[in-house]
Amino acid sequence: MMNETLTTALAPLVDRSWDSFGMPVLELQVAQLMPVVQRLRTEFGFTLFLDVTTVDYPARQPRFDVVYHFMSAQHRSRVRLKLQVSEEAPVVPTLTGIFGSARYMEREVHDMYGIRFDGNADLRPILLYEGFVGHPLRKDYPMEQEQPIVPYRK
Amino acid sequence: MMEYLTTRKDDLVGWVRKFSLFPYPFVTACCGMEFMSVSSTLYDTDRFGAALPRFTPRQSDLLMVVGTVSHKQAQVIKKIYDQMCEPKWVMAFGACATSGGFYRNYAVLQGVDKVIPVDIYVPGCPPRPETVIDAILMLQEKIANDHHPILPYEQQTPPRV
Ligand code: SF4
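As they're listed, the protein sequences go chains A and B. Here the working numbering is used: position 15 in the first sequence is 15, and no number is missing along the way. Add 154 to a position in the second sequence, counting from 1, and you land on the number used in the working numbering.
FYI, nobody ran anything at the bench for these hints, they're computed from the structure. A portion of the hints provided could be inaccurate.
One-sided and incomplete, this derived list gives chain A residues near chain B with beta-carbon spacing under 8 angstroms [stated by the list, open to error]:
hint : residue
1    : Y129
2    : P136
3    : Y141
4    : M143
5    : E144
6    : Q145
7    : E146
8    : Q147
9    : P148
10   : V150
11   : Y152
12   : R153
With a straight-line Cα cutoff of 25 angstroms, these simulated DSS-like cross-link-like pairs (lysine-lysine) come out [as the list claims (entries may be wrong)]:
hint : chain 1 : residue 1 : chain 2 : residue 2
13   : A       : K154      : B       : K232
14   : B       : K232      : B       : K242
15   : B       : K242      : B       : K163
16   : B       : K226      : B       : K268
17   : B       : K232      : B       : K268
18   : B       : K268      : A       : K154
19   : B       : K296      : B       : K268
20   : B       : K226      : B       : K242
21   : B       : K233      : A       : K154
22   : A       : K139      : B       : K226
23   : B       : K233      : B       : K268
24   : B       : K296      : A       : K154
25   : B       : K242      : B       : K268
26   : A       : K154      : B       : K242
27   : B       : K226      : A       : K154
We treat Cβ as the ideally placed atom computed from N, Cα and C, and that holds for glycine.
Please build the complete structure, drawing on both the sequences and the hints.
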């Protein structure tokens with residue numbers, strides 16, 4: 001089975017791995033991200049970068065989980081990577097060198113959660129706008145706080 | 155005599171204007187589906203003289219804000235409103251355009267009346283075509299009973315914000 005081969009081959013690089021509804025989940029250190037993604041792409045045929053997103057656990061240390069999904073059309077399988085990132089230094093390396101499509105997705109995560117992607121040269125707002133203060137998908141962003149661009153009437 | 159003439163003039167101009175509404179549909183979200191059914195032959199808004207959408211603000215006098223307006227869209231809608239020639243009216247179509255609807259968050263403008271003046275609000279998520287037709291009729295009534303000064307813009311009363 002593809003999943004077992006993958007988890008055994010990458011076992012030295014990851015902290016923990018488990019199976020989530022048939023999809024292998026690998027939890028790893030930030031430093032291992034680049035080698036793991038590189039090997040996923042070249043050895044295991046995960047040529048499609050599906051998504052990067054973040055989960056905010058306000059009460060936990062470290063606070064954020066950065067979550068990556070990759071897909072292999074060749075093996076018809078997906079894999080999920082999880083990195084724990086702290087609030088004080090929310091920095092992970094960029095994947096733009098391996099997947100060009102990471103550019104926009106990382107910009108979105110930077111907008112919404114304030115995770116910085118080291119090496120991504122263009123982290124301008126993509127869904128938000130210049131001048132927006134804070135990161136709206138962090139759980140401590142006040143739900144009713146608006147930052148209008150056009151001044152309100154009256 | 156002069157008094158009588160002015161009143162009749164308002165009636166006449168109001169009657170002309172109320173049956174020649176040229177809507178500009180500013181469609182951003184799901185309410186657009188209901189806008190399509192309103193403009194279909196089944197509901198036939200041409201009966202009320204409001205069926206011919208103009209896709210340029212310069213040629214239209216009814217701005218229909220159909221759907222959710224985000225803070226980023228607010229700049230666009232303000233510009234479109236400013237580009238429309240007087241006289242102009244605005245319809246907030248659906249709960250989102252009226253009040254932000256259930257989107258109470260960082261992204262959504264809580265009602266278009268925060269940035270442009272609105273003449274008529276249409277409730278519903280999305281509103282039924284009958285509601286929209288009712289709103290058009292109410293707007294026409296408003297136009298018919300309005301004062302229609304033929305004056306330079308600066309002298310018009312009351313000034314529109
Ligand atoms: S009022 Fe309802 S149907 Fe209309 S745009 Fe908002 S969510 Fe969609």
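Now for the hints, and whether the structure bears them out:
Hint on A:Y129 holds. Least Cβ distance to chain B is approximately 6 angstroms, under the 8 angstroms limit. This hint holds: A:P136 has a C-beta 4 angstroms from the nearest C-beta of chain B, less than the 8 angstroms allowed. Taken as an interface hint, A:Y141 checks out: its beta carbon lies about 7 angstroms from the nearest beta carbon of chain B, inside 8 angstroms. The beta carbon of A:M143 comes within 7 angstroms of a beta carbon in chain B, closer than 8 angstroms, and the hint placing it at the interface holds.
Hint on A:E144 holds. Least Cβ distance to chain B is approximately 6 angstroms, under the 8 angstroms limit. Contact between A:Q145 and chain B, as hinted, is supported at the beta carbon level, the nearest pair being about 6 angstroms apart and thus within 8 angstroms. Proximity of A:E146 to chain B holds as hinted, the smallest CB-CB distance being about 7 angstroms (cut-off 8 angstroms). Hint status for A:Q147 relative to chain B: holds, with the closest Cβ pair at about 7 angstroms, below 8 angstroms.
Hint status for A:P148: holds, given a least beta-carbon distance of 5 angstroms to chain B, under 8 angstroms. With a cut of 8 angstroms, the hint placing A:V150 at the interface with chain B holds, because the nearest CB-to-CB distance is about 4 angstroms. Interface restraint check: A:Y152 against chain B, minimum CB-CB distance 5 angstroms, threshold 8 angstroms, status holds. With a least beta-carbon distance of about 6 angstroms to chain B, the hint placing A:R153 at the interface is held under the 8 angstroms criterion.
A threshold of 25 angstroms between alpha carbons decides the hint, and for A:K154 with B:K232 the separation of about 15 angstroms falls inside it, so the pair holds. Between B:K232 and B:K242 the alpha-carbon distance is near 13 angstroms, which keeps this suggested pair within the 25 angstroms criterion. For the hint pairing B:K242 with B:K163, the CA-to-CA distance comes to about 19 angstroms; that is within 25 angstroms, so the pair holds. Distance check on the hinted pair: B:K226 and B:K268 sit about 14 angstroms apart at the alpha-carbon level, within 25 angstroms; holds.
As the CA atoms of B:K232 and B:K268 are separated by approximately 10 angstroms, the hinted pair is consistent with the 25 angstroms bound. Between B:K268 and A:K154, the direct Cα distance comes to roughly 8 angstroms. Compliance with the 25 angstroms bound is thereby established for this hinted pair. For the given pair, B:K296 sits about 22 angstroms from B:K268 by alpha-carbon distance, which is consistent with the 25 angstroms threshold. For the hint pairing B:K226 with B:K242, the CA-to-CA distance comes to about 23 angstroms; that is within 25 angstroms, so the pair holds.
Proposed proximity of B:K233 and A:K154 is supported: the alpha carbons are some 18 angstroms apart, at most 25 angstroms. The hinted pair formed by A:K139 and B:K226 meets the criterion: a straight-line CA distance of about 22 angstroms does not exceed 25 angstroms. Restraint check for B:K233 and B:K268: the C-alpha separation of about 14 angstroms stays at or below 25 angstroms, so the hint holds. Simply put, B:K296 and A:K154 have alpha-carbon atoms about 23 angstroms apart, close enough for the 25 angstroms limit, and the pair holds.
The straight-line distance between the Cα atoms of B:K242 and B:K268 is roughly 17 angstroms, inside the 25 angstroms bound, and the hint therefore holds. Note on A:K154 and B:K242: the hinted pairing holds, with a Cα-Cα distance of about 20 angstroms set against a maximum of 25 angstroms. Taking the CA atoms of B:K226 and A:K154, the gap is near 20 angstroms; set against the 25 angstroms cutoff, the hint holds.
Of the numbered hints stated above, none is contradicted by the structure.
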